[in-house]
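Protein chains in written order, with our numbering: chain W, 1 to 385; chain D, 1 to 287.
Hints in this document: simulated from the structure, not taken from any laboratory.
Keep in mind it's a predicted model, so treat the numbers as computed, not measured.
Using N, Cα and C, we set each Cβ at its ideal position, and we do this for glycine too.
Be careful, since some hints might not be right.
Stated by the list, open to error - With a straight-line Cα cutoff of 30 Å, these simulated DSS-like cross-link-like pairs (lysine-lysine) come out: (1) 368/W with 55/D; (2) 7/D with 368/W; (3) 55/D with 277/W.
Unchecked claim - Distance ranges between label pairs, derived from CB positions: (4) 375/W with 23/D: 21 to 27 Å; (5) 107/W with 260/D: 48 to 54 Å; (6) 153/D with 107/W: 31 to 37 Å; (7) 358/W with 170/D: 42 to 48 Å; (8) 153/D with 166/W: 54 to 60 Å; (9) 115/W with 89/D: 44 to 50 Å; (10) 123/W with 73/D: 42 to 48 Å; (11) 73/D with 366/W: 33 to 39 Å; (12) 96/W with 260/D: 57 to 63 Å; (13) 2/W with 44/D: 41 to 47 Å.
Stated by the list, open to error - What the simulated footprint calls covered on chain W by chain D, stretch by stretch (three residues with Cβ under 8 Å from a Cβ of chain D suffice, anywhere in the stretch; the number is not a length): (14) 312-324; (15) 341-354.
So you can see what is in the structure, the chains are spelled out below.
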Amino acid sequence: MTIAYLDNNATTRVAPEVLEAMMPFLADRYGNPSSMHSFGGRIRKHVDAARGEVAALIGAEPEEIIFTGCGTESDNAAILSALAANPRRPHIVTTRVEHPAVLGLCKRLEKEKHQVTWLGVDAQGMLDLDEVRRALRDCTGVVSAMYANNETGVVFPVEEIGAAVKAAGAYFHVDAIQAAGKIPLDMRRSTIDYLALSGHKLHAPKGVGALYIRKGTKFTPFIVGGHQEMGRRGGTENVASIVGLGAACALAARHMDEENGRVRRLRDRLEQALLDKAPDARLNGHPERRLPNTANISFSYVEGEAILLRMNELGICASSGSACTSGSLEPSHVLRAMGIPYTAAHGSVRFSLSRYTTDEEVDLVIEKLPPIIRTLRELSPFGRG
Amino acid sequence: MWDYTEKVMDHFLHPRNVGEIADADAVGEVGNLACGDALKLYLKLDAEGRIADAKFQTFGCASAIASASALTEIVKGKTLEEASRITNDDIALHLGGLPKEKMHCSVMGKEALESALANYRGAGPAPKEEGEIVCRCFGVTDAKIARVVRENKLTTPEQVTHYCKAGGGCGNCIPEIQAIIDDVWEKERRKKAAPGAPTARRLTNIQKIQIIQETIEKEIKPALRADGGDIELIDVVGDRVLVAFRGVCAGCPSSGVTITSVVEKKLREFVSPALRVEEVRDDDRVS
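Okay, chain D solo, but in the shape it has when bound:
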């Protein structure tokens, strides 16, 4: 038997805000009968754009019902912007916690809310989760797995199963889940190593120069200095990075190799794969 908190049992036995809203401004829907749980969320906004009413219908276990009930309590009175910041953890906390195997119930609540918000914005059916299906048993995509891993700081496939069910059926996809986990944390590690260097984000030119400068300082200079050389950033023009070598590197016949094998490789890894590095010689600058 699960060790449910009193709050979970209270929300399960006396669910708040059950039912439909006929003239709802937003409807969110996740899950299906085959999966064993499903949630339909209805939101009604007031004149100021705050959530005036929220109702739900759930097919699922005690913690699924309790999570949906808690969600309706949490969202009421919030603007859509505020609601969009609610996490699955907020739902679990509202219930005094959920057994770890049941965290997917709180994730379902969060997803129903996202689906409702998307429905409000698009006024059409909520978009499906993007990405490729990884877990065929429960139809979970790589994008969703990566998201629960990131948002909940998960490190093992077992935790992923608890949060989004992926891997909980035949188990064939567990190596793939492990690979996604490794990938997520590898990317995070790189982001930390070169702060603010997300490849996907659009950068202003000043931000880009800053990140390039940091990468040169932290990742490239130490390697060159070990050989008695040095490097200086001269300019960034679009994706062209202009650098000048100093110390023993200046005038070194193999500086061209250093540019591609060290400098360009590091900058492409930490900043953007589109970057091209060019060496500027002092005589060029003068001219």
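Next comes chain W alone, as it looks inside the complex:
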């Protein structure tokens, strides 16, 4: 069975070019970049080249990039570092729709000793800038907001938020894990102090991430150990994956136009066809201010897990914000924060495309999903369609 993979916000395939770039470092070139001998020492320049490629994707200097073990580590390191840099500013501002990498940490900090202001979003998933400004206090140490939402693809007005944060004298951390590689980012013209990204969301392997730390910004290591990463992250470098991340960032920069052209059109076609063919379907998230690859659609009166497993039988991969798939008993915190009715949240399906997504994959979903919705609605005691 061929697989229609429309779950790229969960993870992406490793690009063939990326795998090829990595292979020597998983085979013959296994040296440690910190070694004195040239067999190991020569590896360092590949790590540094990767650092340059990551920096180039987001308009940063290579010295402003450290490699981490994953996106979650990058988020944790940034927020904790910002708080450590300013012990007299223990207040945190973040949003209700963050990824668990930020949400979970802030919840724990709230339990410990930090005050946290949780910003809400409107029905389209957008922040209210006035609410952001009102939340800022003299004791606000860090504001953490995502660039783009992983479930809906909604893109926050990051620079407007950042301007307010800077005026208040706080650090600004941005989780750009879904945005990096999909939309252009430029740290040269930005208010961002820390920015997190993750390898496996942009066609590099799992187990590698990066953190941008603006030059001059204080940083306290999250993983304490050796002198690696200029003393900012202990642990022997994951060389192969770092090289992979560099290659993936270089590729992403080259494909940025395709992402915002062909992929966007493909996404729009999928979205429109599903909204047209299935009654009682609605789009979740702002229709324009969105990543080009993400479509989050709710089908009322049916439940997300049932939709996913029926699609799974046909080789279609997507995800859902329903309670049953979230691992909890309540539907997605993002959709709830947007005030999406539970009836629609339980029946939400997220499709996320990539530059590898084909017309055939999209056609398969357009053909197969509406009958699945119809069948499940025939089973349902609610609604008819």
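Chain W is fixed; fit chain D onto it per the hints.
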């Protein structure tokens, strides 16, 4: 991804007995859209009062659909009496088991069946679960929590969440759930300590005397004997328990205190809070 059995997937992908029965003899309904699952069960009886046909409609995940489908297979051909004995475990077993986080789907099946049976008996809408709401997120009452705890031998709030969702939202009620669990097992423990001493059940006088006798033997005598005393049950008249002291207790000036602090307290705890204990002296008996 859940580790569903082949039978769950089969019932999910090919559900049996989907739909409505227009002239159903009993209709059961549980759950709602907000909760994320709901089940409507229709039963049709034959001339002998057996379930001739069963159909369902479900809003829910794969295991909710499979549980409802399995339920319709299980109930067919059964009398209402037999159907009333079906447990949520029977539904899960019919499917070759469910992931523990999904046991609430089988509980929903059992509840829809109960709702249908109540509907048949009362010919009106099925009565709501009694008790006080404990979990506000999912509207689960203390009575329901106590029931799933007892029926499925649950010991942790996490298990309770898996079986009836309570505690799975904001989590504020988890201490209350723990208290209910403790209460259920404390009561069970007492029942075991004094076999057949449920306070709620109506007892015949002979049963009551028997339980009082057992409680005196197991709970009271050992304490008195430790001090060289003893006690004998003379008679039970309604809620009056007549006892006589023996050994050093007989004629002891503090026997009145022993009656209330030891004997009455134990009997009220193990048998019935309505009991009153009175001492009968041998000279009273003679007269």
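Right, here's what the structure says about each hint:
Only pairs whose Cα atoms come within 30 Å are accepted, and residue 368/W paired with residue 55/D is accepted, the gap being roughly 27 Å. Restraint check for residue 7/D and residue 368/W: the C-alpha separation of about 24 Å stays at or below 30 Å, so the hint holds. Annotation: proposed proximity of residue 55/D to residue 277/W holds, straight-line Cα distance about 29 Å (limit 30 Å). For residue 375/W paired with residue 23/D, a C-beta distance near 26 Å keeps the hint of 21 to 27 Å intact.
The beta-carbon spacing between residue 107/W and residue 260/D, approximately 53 Å, falls within the hinted interval of 48 to 54 Å. Taking 31 to 37 Å as the suggested C-beta distance range, the pair residue 153/D and residue 107/W conforms, at roughly 33 Å. For the pair residue 358/W and residue 170/D, the supplied restraint of 42 to 48 Å holds, since their beta-carbon distance comes to about 43 Å. At about 58 Å, the beta-carbon gap between residue 153/D and residue 166/W stays in the expected band of 54 to 60 Å.
Between residue 115/W and residue 89/D the Cβ separation comes to about 47 Å, which falls inside the hinted range of 44 to 50 Å. Range check, residue 123/W to residue 73/D: Cβ separation about 43 Å, and the 42 to 48 Å hint holds. For the pair residue 73/D and residue 366/W, the beta carbons lie near 35 Å from each other, so the given range of 33 to 39 Å is met. Between residue 96/W and residue 260/D the Cβ separation comes to about 59 Å, which falls inside the hinted range of 57 to 63 Å.
Hint check: residue 2/W to residue 44/D, Cβ distance near 45 Å, so the stated range 41 to 47 Å holds. Counting residues of the segment 312-324 of chain W whose C-beta lies closer than 8 Å to any C-beta of chain D gives 4; at least three are required, and the coverage claim holds. Evaluation of the coverage hint for the segment 341-354 of chain W: fulfilled, as 3 residues show C-beta separations to chain D shorter than 8 Å, against a requirement of three.
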